[in-house]
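J.: So the protein sequences, as listed, match chains A and B.
So for the first sequence, the numbering used here puts the first residue at 298; every next one is plus one.
So for the second sequence, the numbering used here puts the first residue at 117; every next one is plus one.
In short, the hints are calculated from the structure, not lab data.
Hints are supplied without guarantee of correctness; some may be wrong.
Claimed, not checked - Residues from chain A that keep clear of chain B, each with C-beta distances beyond 12 Å, as calculated:
no.	residue
1	Asp310
2	Lys327
3	Thr349
4	Gly454
What the hints assert, rightly or not - The calculated SDA-like cross-link candidates involving lysine to any residue, where the alpha carbons are at most 25 Å apart (straight line), are:
no.	chain 1	residue 1	chain 2	residue 2
5	B	Lys323	B	Phe503
6	B	Lys326	A	His338
7	B	Lys323	A	Ala299
8	A	Lys319	B	Arg601
9	B	Lys321	A	Phe422
10	A	Lys320	B	Asp598
11	B	Lys326	A	Lys385
12	A	Lys319	B	Ile154
13	A	Lys385	B	Ile377
14	A	Lys424	B	Glu347
15	A	Lys385	B	Leu287
16	B	Lys321	A	Lys320
17	A	Lys425	B	Lys595
18	A	Lys385	B	Asp598
19	B	Lys323	A	Lys385
20	A	Lys385	B	Phe503
21	A	Lys425	B	Arg601
22	B	Lys428	B	Phe503
23	A	Lys320	B	Lys595
24	A	Lys425	B	Ser350
25	B	Lys323	A	Ala469
26	B	Lys326	A	Gln467
27	A	Lys425	B	Asp598
28	B	Lys323	B	Phe561
29	B	Lys323	A	Lys319
30	A	Lys327	A	Ala368
31	A	Lys424	B	Trp380
32	B	Lys321	B	Lys595
33	B	Lys428	B	Leu164
34	A	Lys385	B	Tyr564
35	A	Lys425	B	Ala332
36	A	Lys385	B	Leu279
Unchecked claim - Covered by chain A, according to a simulated footprint, are these stretches of chain B (three or more residues, beta-carbon under 8 Å):
no.	region
37	258–271
38	340–352
The beta-carbon is built from N, C-alpha and C at its ideal position, and this holds for glycine as well.
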Amino acid sequence: MALKRFVVGCFDDEDVLFPAVKKVRNAGYKIHDIYTPFPVHGLDHAMGLRETSLHTAGFIYGITGTTTALASMGWIFTRDWPMNIGGKPNFPLPAFIPITFELTVLFAAVGMVITFLYICQMGPFVKKHHFHPRATDDLFVMVIECNERTNVNDLKGFLQSAGAVEVDYQVAESGWWLGRYDQEQKLYAEEPAVV
Amino acid sequence: MAVAGSKPNQMHLKYESQIREPLVDGNKTYHQVTEDIIRPIEAKPSTLWYVGFFISVSLLMFGVYSVYREVTYGIGEWNLNKTIGWGWDITNFVWWVGIGHAGTLISAILLLFRQGWRTGVNRAAEAMTIFAVMCAGQFPIFHMGRVWMAFFVLPYPNTRGPLWVNFASPLLWDVFAISTYFTVSLLFWYSGLLPDFATVRDRAKTKLRKLLYGIAAFGWNGSTKHWQRHESLSLVLAGLSTPLVLSVHTIVSFDFATSVIPGWHTTIFPPYFVAGAVFSGFAMVQTLMIIVRHVLNLKDYITLGHIEAMNKVIVLTGSIVGVAYLTELFVAWYGRNDYEWYTFGYSRANPLSPYGWSYWSMMFCNVVSPQLFWSRKLRRNVWFTFFMSVIVNIGMWFERFVIIVTSLYRDYLPSSWSTYYSPTIWEIGFYLGTFGLFFTCFFLFAKYFPVIAVAEIKYVLKTSGENYKDKMGKIEEQKPEDFARDYAH
Numbered sequence: 298m299a300l301k302r303f304v305v306g307c308f309d310d311e312d313v314l315f316p317a318v319k320k321v322r323n324a325g326y327k328i329h330d331i332y333t334p335f336p337v338h339g340l341d342h343a344m345g346l347r348e349t350s351l352h353t354a355g356f357i358y359g360i361t362g363t364t365t366a367l368a369s370m371g372w373i374f375t376r377d378w379p380m381n382i383g384g385k386p387n388f389p390l391p392a393f394i395p396i397t398f399e400l401t402v403l404f405a406a407v408g409m410v411i412t413f414l415y416i417c418q419m420g421p422f423v424k425k426h427h428f429h430p431r432a433t434d435d436l437f438v439m440v441i442e443c444n445e446r447t448n449v450n451d452l453k454g455f456l457q458s459a460g461a462v463e464v465d466y467q468v469a470e471s472g473w474w475l476g477r478y479d480q481e482q483k484l485y486a487e488e489p490a491v492v
Numbered sequence: 117m118a119v120a121g122s123k124p125n126q127m128h129l130k131y132e133s134q135i136r137e138p139l140v141d142g143n144k145t146y147h148q149v150t151e152d153i154i155r156p157i158e159a160k161p162s163t164l165w166y167v168g169f170f171i172s173v174s175l176l177m178f179g180v181y182s183v184y185r186e187v188t189y190g191i192g193e194w195n196l197n198k199t200i201g202w203g204w205d206i207t208n209f210v211w212w213v214g215i216g217h218a219g220t221l222i223s224a225i226l227l228l229f230r231q232g233w234r235t236g237v238n239r240a241a242e243a244m245t246i247f248a249v250m251c252a253g254q255f256p257i258f259h260m261g262r263v264w265m266a267f268f269v270l271p272y273p274n275t276r277g278p279l280w281v282n283f284a285s286p287l288l289w290d291v292f293a294i295s296t297y298f299t300v301s302l303l304f305w306y307s308g309l310l311p312d313f314a315t316v317r318d319r320a321k322t323k324l325r326k327l328l329y330g331i332a333a334f335g336w337n338g339s340t341k342h343w344q345r346h347e348s349l350s351l352v353l354a355g356l357s358t359p360l361v362l363s364v365h366t367i368v369s370f371d372f373a374t375s376v377i378p379g380w381h382t383t384i385f386p387p388y389f390v391a392g393a394v395f396s397g398f399a400m401v402q403t404l405m406i407i408v409r410h411v412l413n414l415k416d417y418i419t420l421g422h423i424e425a426m427n428k429v430i431v432l433t434g435s436i437v438g439v440a441y442l443t444e445l446f447v448a449w450y451g452r453n454d455y456e457w458y459t460f461g462y463s464r465a466n467p468l469s470p471y472g473w474s475y476w477s478m479m480f481c482n483v484v485s486p487q488l489f490w491s492r493k494l495r496r497n498v499w500f501t502f503f504m505s506v507i508v509n510i511g512m513w514f515e516r517f518v519i520i521v522t523s524l525y526r527d528y529l530p531s532s533w534s535t536y537y538s539p540t541i542w543e544i545g546f547y548l549g550t551f552g553l554f555f556t557c558f559f560l561f562a563k564y565f566p567v568i569a570v571a572e573i574k575y576v577l578k579t580s581g582e583n584y585k586d587k588m589g590k591i592e593e594q595k596p597e598d599f600a601r602d603y604a605h
């Protein structure tokens, strides 16, 4: 398997991290990913990641649930086995609302969680590459992929000047476990300025 | 370590008013938060833990034996009779389901309302929800008598006709509502746990812990993209859970309200049940969190402010419940229906009637006693809160008992009026057994799971941590264009 080279810069404060992301991208480096111990709001925008469409998927799962519930109950009560329950209609829509609602929620929730796990490539027994063990504790770990023209020492110095408390050079086997989110990033210059 | 405000122009990106009470006390850094919350998982449990766990498992065993008696010898092991077909069993079911409402309310509705204090208690409250719903589910299942046929409630093409379930029946709605509620709460809870399991995994010293928490963490590594999706997932799950919470107890109340039994056949039931559920759920959260903060030494994270906030919810929902009780009573009198008024005026409100004592116990515990929480001093008194939380749950148990038993023990035909209903030891044993199940699960949770959402605490630390609070003022003085230059990205 091909090997990839990375320079890893660790920050201990998100307020230092943000200007650093700006500088790194302005300098034309490509950020592979940033690993953080908690969700840092706005970091995805700072990195130029696109919005997630997970909620759209959730909506689609939800309406699938609605249709499933109404269609099955309707078919069962009017076609497959119509029952006379106190002379009431065979398709009592108000009485079907609770189950329709529950199935909508159930489908949306289960579908979204499965989709989330799938697109993040997560699941029990999954092992991924971890660049720094403290990324889940108190460090914000910025990982920059090196290409053939990258001067590792320059980049290390650059990160240190941007406020990194720890810099490191690492080699990792390339593969799905690294994630591919760097491909989403546009170059900084191409983006319209947003205030 | 992160020291906020070390550079005057690098203030945190979020802003919270200084007037608000800090959510995290003490001089905390991100690492300290991890240490404080994860430490109980890595340490050996105390003697107290073993004692509590042993008692819980013993209760659970007694419950298992009680259920064994019921399954082997039939429903006759309980004291149900001609008119009282539901008795303790369904009382306990509704009680546990009610308790199971606080967790998702805290994690979902308070998330949408942006109540910052929810971060300290949401994890444990959600766990409590899941365990409470597990306990609740036992009662209707074993009430079926032939429990091995419980799967008949599920609609699937079968060889019995196919004979389908009645989709227009509130009892079937319950099946869907409670199973959906359980599933969604579990998913919500577990997706929130992933990052925290990863934290435990990454600092694990022993091989076994690394392996087990590694499996549980699903390979979480904290990637920004994953966080982005995780946030989206949490938000949508919260949005879905919000109506779900309200729907579950509404549907439970339909079990009563769609019947024509005097005392049950009222339109006030759904909101009244939901308020009561939140009321009892918060009381149970208080009971548990007061013990947890004390035993696990988490007083910096579950502060007096948290306890006070929950007491405010208790006094609000307690008052809603009180208004509902009075409304029912008034409407029963004003409606001039003899049967309705007999149930309310005699079976319930007359203290000399056979079950009058239960109605007045309920009134005292649920309506009168929570009013003491109007006093700020009492809201912030930990041991008084603990005492009150137990009182409230006793009151809420009586509420369900009153609804079920006082409406049923005298039906339209005086010859079938039952003698005084009191439970057998196996009925009580079943109830105690669910306490055993609940606390066994909770003890295991407190030992092996991060009882507070570590990542969420870190997220609010710089806006709501005590040591960061006073650094906030400077943002207010900054000009908008300077702020934009410094922070826009």
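J.: Are the hints correct? Go through all of them and say.
T.: Structure-based check of each hint:
{"no.": "1", "hint": "Asp310", "result": "4 Å, violated"}
{"no.": "2", "hint": "Lys327", "result": "14 Å, holds"}
{"no.": "3", "hint": "Thr349", "result": "5 Å, violated"}
{"no.": "4", "hint": "Gly454", "result": "21 Å, holds"}
{"no.": "5", "hint": "B:Lys323 to B:Phe503", "result": "43 Å, violated"}
{"no.": "6", "hint": "B:Lys326 to A:His338", "result": "29 Å, violated"}
{"no.": "7", "hint": "B:Lys323 to A:Ala299", "result": "29 Å, violated"}
{"no.": "8", "hint": "A:Lys319 to B:Arg601", "result": "12 Å, holds"}
{"no.": "9", "hint": "B:Lys321 to A:Phe422", "result": "19 Å, holds"}
{"no.": "10", "hint": "A:Lys320 to B:Asp598", "result": "18 Å, holds"}
{"no.": "11", "hint": "B:Lys326 to A:Lys385", "result": "59 Å, violated"}
{"no.": "12", "hint": "A:Lys319 to B:Ile154", "result": "34 Å, violated"}
{"no.": "13", "hint": "A:Lys385 to B:Ile377", "result": "20 Å, holds"}
{"no.": "14", "hint": "A:Lys424 to B:Glu347", "result": "22 Å, holds"}
{"no.": "15", "hint": "A:Lys385 to B:Leu287", "result": "17 Å, holds"}
{"no.": "16", "hint": "B:Lys321 to A:Lys320", "result": "37 Å, violated"}
{"no.": "17", "hint": "A:Lys425 to B:Lys595", "result": "44 Å, violated"}
{"no.": "18", "hint": "A:Lys385 to B:Asp598", "result": "68 Å, violated"}
{"no.": "19", "hint": "B:Lys323 to A:Lys385", "result": "63 Å, violated"}
{"no.": "20", "hint": "A:Lys385 to B:Phe503", "result": "50 Å, violated"}
{"no.": "21", "hint": "A:Lys425 to B:Arg601", "result": "37 Å, violated"}
{"no.": "22", "hint": "B:Lys428 to B:Phe503", "result": "16 Å, holds"}
{"no.": "23", "hint": "A:Lys320 to B:Lys595", "result": "24 Å, holds"}
{"no.": "24", "hint": "A:Lys425 to B:Ser350", "result": "23 Å, holds"}
{"no.": "25", "hint": "B:Lys323 to A:Ala469", "result": "23 Å, holds"}
{"no.": "26", "hint": "B:Lys326 to A:Gln467", "result": "23 Å, holds"}
{"no.": "27", "hint": "A:Lys425 to B:Asp598", "result": "41 Å, violated"}
{"no.": "28", "hint": "B:Lys323 to B:Phe561", "result": "21 Å, holds"}
{"no.": "29", "hint": "B:Lys323 to A:Lys319", "result": "40 Å, violated"}
{"no.": "30", "hint": "A:Lys327 to A:Ala368", "result": "50 Å, violated"}
{"no.": "31", "hint": "A:Lys424 to B:Trp380", "result": "55 Å, violated"}
{"no.": "32", "hint": "B:Lys321 to B:Lys595", "result": "49 Å, violated"}
{"no.": "33", "hint": "B:Lys428 to B:Leu164", "result": "31 Å, violated"}
{"no.": "34", "hint": "A:Lys385 to B:Tyr564", "result": "52 Å, violated"}
{"no.": "35", "hint": "A:Lys425 to B:Ala332", "result": "14 Å, holds"}
{"no.": "36", "hint": "A:Lys385 to B:Leu279", "result": "18 Å, holds"}
{"no.": "37", "hint": "258–271", "result": "violated (count 1)"}
{"no.": "38", "hint": "340–352", "result": "holds (count 12)"}
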